[in-house]
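Enquirer: These are the residues of each chain, in order.
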Amino acid sequence: MTNIAEHDKNARHLLMGNEAIARGALEAGVAVAAGYPGTPSSEIIENLARVSGKRDLYVEWSTNEKVAMEVAAAASFAELRSMCVLKQNGVNVASDFFLHLAGSGTRGGMLIIPCEDPGALSSINEGDSRHFSRMLEVPLIEPGDFQEAKDMTKWGFELSEELRCPVMLRSVTRLSHASGNVVFGDLPEVDHKARFQHDGFILDPDTGIVSSAPVDYRHGLQQEKIKKAEEIFETSPFNTYTGPEKPELLVITSSACNLYTREAVLLLGAEDRVGILKLGTTWPLPPKLLEKHLAMTDKIMIVEEVIPFLEENIKILAAELAGSIGAKTFYGKRDGSIPTTNEMNPDLVVAPMAEVLGMAYEGASAEYTEKALPLAFFNAPSRDLTFCPGCPHRASFWNIHHALTLDNRNGFVCGDIGCYSMAILPTGFSTLRTMHAMGSGTGVASGFGQLGRFGMDQPVMAVSGDSTFFHAVLPALVNAVHHKADITLVVLDNSGTAMTGFQSHPGLDTDAQGGDAIKLDIRKICESMGITVRESDPFDFKDTQQQIFELMEIQEGVKVLILKQACALSPEKKHTKKFEMKVVEEACRGENCGCNRLCTRIFRCPGLVWDQEQGISKIDDAICVGCGVCADICPAGAIDRKEVA
Amino acid sequence: MQIAGSKELSEQVLNQDLCTVCGACVGLCPYFKVHKGKLAKIFDCDLEKGRCYAHCPKTDVDFEQLAQALFQQPYNGDPLGIYRRITAAKAGERTGTGDFQNGGTVSALMTCALESGMVDGAVLTDSDGLLPKPKLVTRAEDVVKCASTKYMATPAVSCLNEAATDGKTNLGFVGTACQLTGVAQMRLNPLEKSDFVDPIGLTVGLFCTWALDTRQLMDFLSTRVDLKTITGMDVPPPPAEVFIVKTGETVVEIPLDEIRELVPKGCGVCPDMTAEWADVSVGAFEGKSDWNTLIIRTEKGEQLVEKAVAEGYLVLDDFPAEGLEHLTLGAGNKKKRAKENVAKEEK
Chain A
36 MTNIAEHDKN ARHLLMGNEA IARGALEAGV AVAAGYPGTP SSEIIENLAR VSGKRDLYVE
96 WSTNEKVAME VAAAASFAEL RSMCVLKQNG VNVASDFFLH LAGSGTRGGM LIIPCEDPGA
156 LSSINEGDSR HFSRMLEVPL IEPGDFQEAK DMTKWGFELS EELRCPVMLR SVTRLSHASG
216 NVVFGDLPEV DHKARFQHDG FILDPDTGIV SSAPVDYRHG LQQEKIKKAE EIFETSPFNT
276 YTGPEKPELL VITSSACNLY TREAVLLLGA EDRVGILKLG TTWPLPPKLL EKHLAMTDKI
336 MIVEEVIPFL EENIKILAAE LAGSIGAKTF YGKRDGSIPT TNEMNPDLVV APMAEVLGMA
396 YEGASAEYTE KALPLAFFNA PSRDLTFCPG CPHRASFWNI HHALTLDNRN GFVCGDIGCY
456 SMAILPTGFS TLRTMHAMGS GTGVASGFGQ LGRFGMDQPV MAVSGDSTFF HAVLPALVNA
516 VHHKADITLV VLDNSGTAMT GFQSHPGLDT DAQGGDAIKL DIRKICESMG ITVRESDPFD
576 FKDTQQQIFE LMEIQEGVKV LILKQACALS PEKKHTKKFE MKVVEEACRG ENCGCNRLCT
636 RIFRCPGLVW DQEQGISKID DAICVGCGVC ADICPAGAID RKEVA
Chain B
48 MQIAGSKELS EQVLNQDLCT VCGACVGLCP YFKVHKGKLA KIFDCDLEKG RCYAHCPKTD
108 VDFEQLAQAL FQQPYNGDPL GIYRRITAAK AGERTGTGDF QNGGTVSALM TCALESGMVD
168 GAVLTDSDGL LPKPKLVTRA EDVVKCASTK YMATPAVSCL NEAATDGKTN LGFVGTACQL
228 TGVAQMRLNP LEKSDFVDPI GLTVGLFCTW ALDTRQLMDF LSTRVDLKTI TGMDVPPPPA
288 EVFIVKTGET VVEIPLDEIR ELVPKGCGVC PDMTAEWADV SVGAFEGKSD WNTLIIRTEK
348 GEQLVEKAVA EGYLVLDDFP AEGLEHLTLG AGNKKKRAKE NVAKEEK
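Protein sequences appear in the order of chains A and B.
Heads up: the first sequence is residues 36 to 680, going by the working numbering.
Heads up: the second sequence is residues 48 to 394, going by the working numbering.
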């Protein structure tokens, strides 16, 4: 792995987009980086945390994205360069502060870096934060390749300092998580000095108070900054054109779609017919630059992912410029040439491009497709989204499902974001019945918990991870307690922000940089609110189910059950087996048992497999992590666990 | 009878609210369980045929087949079922004393059966607080502790199923009609399992006109008395038309009409008042509250009664002809009502 903190100027390295962004930040001399883990953004903070000692950096995993942005902003106010890193929906969490920050302006260069997930590969939304740039009036820049990911990060800090406002630098999964060549620049000597000047003239941007008020004045100032950004963007080297002087078709694109468009043109061999205007500065758009390129041809295609952000902004400009550039035909999302959901790829660009150009293009021959499809269908094993072997969530939802089903009052669970989101699927016995944003399980449950007055007699339950508890559950829980909502919250405490790779959180005694941190006790927090709190080990089915029953019996108010069991992939558990598991062949009655393959059909831990030949279950030793839980589900007692000495 | 699986059981019984929580489908697989007097299906099971369906007393029951298997004779449609004789009975001195609802005949018979080794264990219904709870009893002296009518649907057959899974045989079973119909069907090994062993040594049936939904009764009573203080319940013979709840100091009388609202729909389609598929059946004796009506149905039942009388567990008396008439009328009325309700269901 490349050490991104080496000086190594001019050396070429294969870097992941997120590493390139982190390197760019180091080259810019960033002093403070804060974020909340979320795919595909997490590696930026992780990489910076790793070199924080060497580069005089403060890096933290904040409690949530809003706090992360506030933490980073403070550094900017104290004239340091800072950044806030989050995933697309994290921008929504931070947006209230972001709105005010855009109004107050910044001092030291400050980047807001959302890494987004078109196609929702690791999300349950494909939110598009580009709209925040227009809505909150802050400049937006988007790297179109890996070198630019580094270079534009460095430039973004300079831009922010020049404009005195936060700058959004947006990445997407295929940039953040793919890798490409990056030539290193210089690393500056760092000797950060923080000082917050606040006693000058109150309206002085460098020494006065930092606030978006008085709004009339500051908002005007902010819009002047955007005007200035527009001017700067007119000559930005990150807006590039490749192609003939008079192309038949002009494609305007940005971000990862730049790569797809380039590939599509190559695939069609249409280099002399298609021009590509790749924009690195996507809001505000530079009008003169657009005017120059829009004038080249009357056919314009806009290639971008998800919602037509570029397209709409370009069309506004084209309407304004109609007198000089003439009428255009646009190909994009509005006319259906480019899809408005999911990720883009070269094939999705080739097809409409070939059509506009009147070229025949077959991505794959009919014969190939005919052969490949059945092969893929019959040979690729079907793999569900599933909890890992030994995952405590499987046991937790086993218990919750049993308790709610036995309770038999049509109770349900409100969920949110974490590995436990998968409990909406069969791997979690389809236990979750609502699933939204971080902390929403508890918030939505808090609302359901008021509906008894309207005749709702179903038990209401919510689940939350330990990191999520601090992130956004707390305000919802306070609300539920204050308003006496009748709910049971189950905290699935697997001791870490497990889904994104064990980042620290306030419930742990360590921080992002590996230093000592104050550990907050979820139980004590809940008890201090007067909540009845129970604790159990989800691997202990009997006790856990009993606790759930007892809590549900308490008719009024908020009840909390903390289920403690570390994630199977946690550093403390990984590569250790507590039990050696075995299916006793004589005891497993296979198809003759009344269980109808409970272990492999319902419980479905990947460590359990159905032996077709013998017609019984067996343990896949390569996959089983020896948690021992399945021994308790087999009604025939055929699964044996032996403690590993 | 066409045997189907749990999907059909759900469609035909559970979703129609016909389950009386007898427990016949519980303890055979991981899918059906009972919690606080209510049956729950934990997961879907896609087996085409299941014992759950085959044993359930609320699916189609083949009376002819049961009559042949249990009594070696054709089903005769008598409102009281097939029987050898009817007598009045009550516990003898050797039975000991318990919280008998009436004459203590059931306790007497089971104590005798266990003491004499006629059975090696007995599945009875005990209480856990107010909740009825099936229990496998192996010591004769524990039988009387389970005495008294619980009035609530009890998954007693589940306890028998679990004991059978544990390999126990020659067990006594005490239960109501739905439970005994489930047990009788189980004994036929309808799925022809090669490893099937009949766990039953002896069955004692309890007369039953209806049971009450456990949860509804709890909710109902909790608005009138402190549940923890309840010591017993009773339905005195007509024309009282009340349901009596005894607490430490007081007796609360509730009009029977209010209580009937809590009867599960499944009881309404039950044609069997006297637990026809048992070796002997026991119920109240009209006019003499410290005696029981005892119907002896099988040879084994006869042997048990003879032994119990001979060894002082049980005392018999003549059963009056007008009593028989009355009993037959009551049982016949239940059959008639059930038939009407089934017809209503089928509409």
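Worth double-checking, as some hints may not be accurate.
Stated by the list, open to error - Simulated pairs of lysine-lysine, PhoX-like, Cα-Cα distance not exceeding 25 Å:
no., chain 1, residue 1, chain 2, residue 2
1, A, Lys677, A, Lys617
2, A, Lys577, B, Lys180
3, B, Lys240, A, Lys653
Stated by the list, open to error - Calculated Cβ distances over 12 Å to all of chain B for the following chain A residues:
no., residue
4, Glu161
5, His233
6, Val250
7, Glu280
8, Asp307
9, Asp382
10, His436
11, Ala438
12, Asp442
13, Asn443
14, Gly549
15, Arg569
16, Ala601
17, Gly629
18, Arg636
19, Pro670
As the list claims (entries may be wrong) - Only some residues are given here: those of chain A computed to face chain B with a beta carbon under 8 Å:
no., residue
20, Leu392
21, Met394
22, Thr440
23, Asn445
24, Cys630
Source of the hints: derived by calculation from the structure; they are not laboratory data.
A virtual CB, placed ideally from N, CA and C, is assigned to each residue, including glycine.
Enquirer: Does each hint hold? Answer for all of them.
Expert: We went through each hint and held it up to the structure:
| no. | hint | result |
| --- | --- | --- |
| 1 | A:Lys677 x A:Lys617 | holds, 8 Å |
| 2 | A:Lys577 x B:Lys180 | holds, 18 Å |
| 3 | B:Lys240 x A:Lys653 | holds, 24 Å |
| 4 | Glu161 | holds, 32 Å |
| 5 | His233 | holds, 62 Å |
| 6 | Val250 | holds, 58 Å |
| 7 | Glu280 | holds, 66 Å |
| 8 | Asp307 | holds, 61 Å |
| 9 | Asp382 | holds, 39 Å |
| 10 | His436 | violated, 7 Å |
| 11 | Ala438 | violated, 9 Å |
| 12 | Asp442 | violated, 7 Å |
| 13 | Asn443 | violated, 5 Å |
| 14 | Gly549 | holds, 44 Å |
| 15 | Arg569 | holds, 19 Å |
| 16 | Ala601 | holds, 27 Å |
| 17 | Gly629 | violated, 4 Å |
| 18 | Arg636 | violated, 8 Å |
| 19 | Pro670 | violated, 5 Å |
| 20 | Leu392 | violated, 53 Å |
| 21 | Met394 | violated, 52 Å |
| 22 | Thr440 | holds, 5 Å |
| 23 | Asn445 | violated, 11 Å |
| 24 | Cys630 | holds, 6 Å |
Violated hints, in rising order: 10, 11, 12, 13, 17, 18, 19, 20, 21, 23; the structure is consistent with all others.
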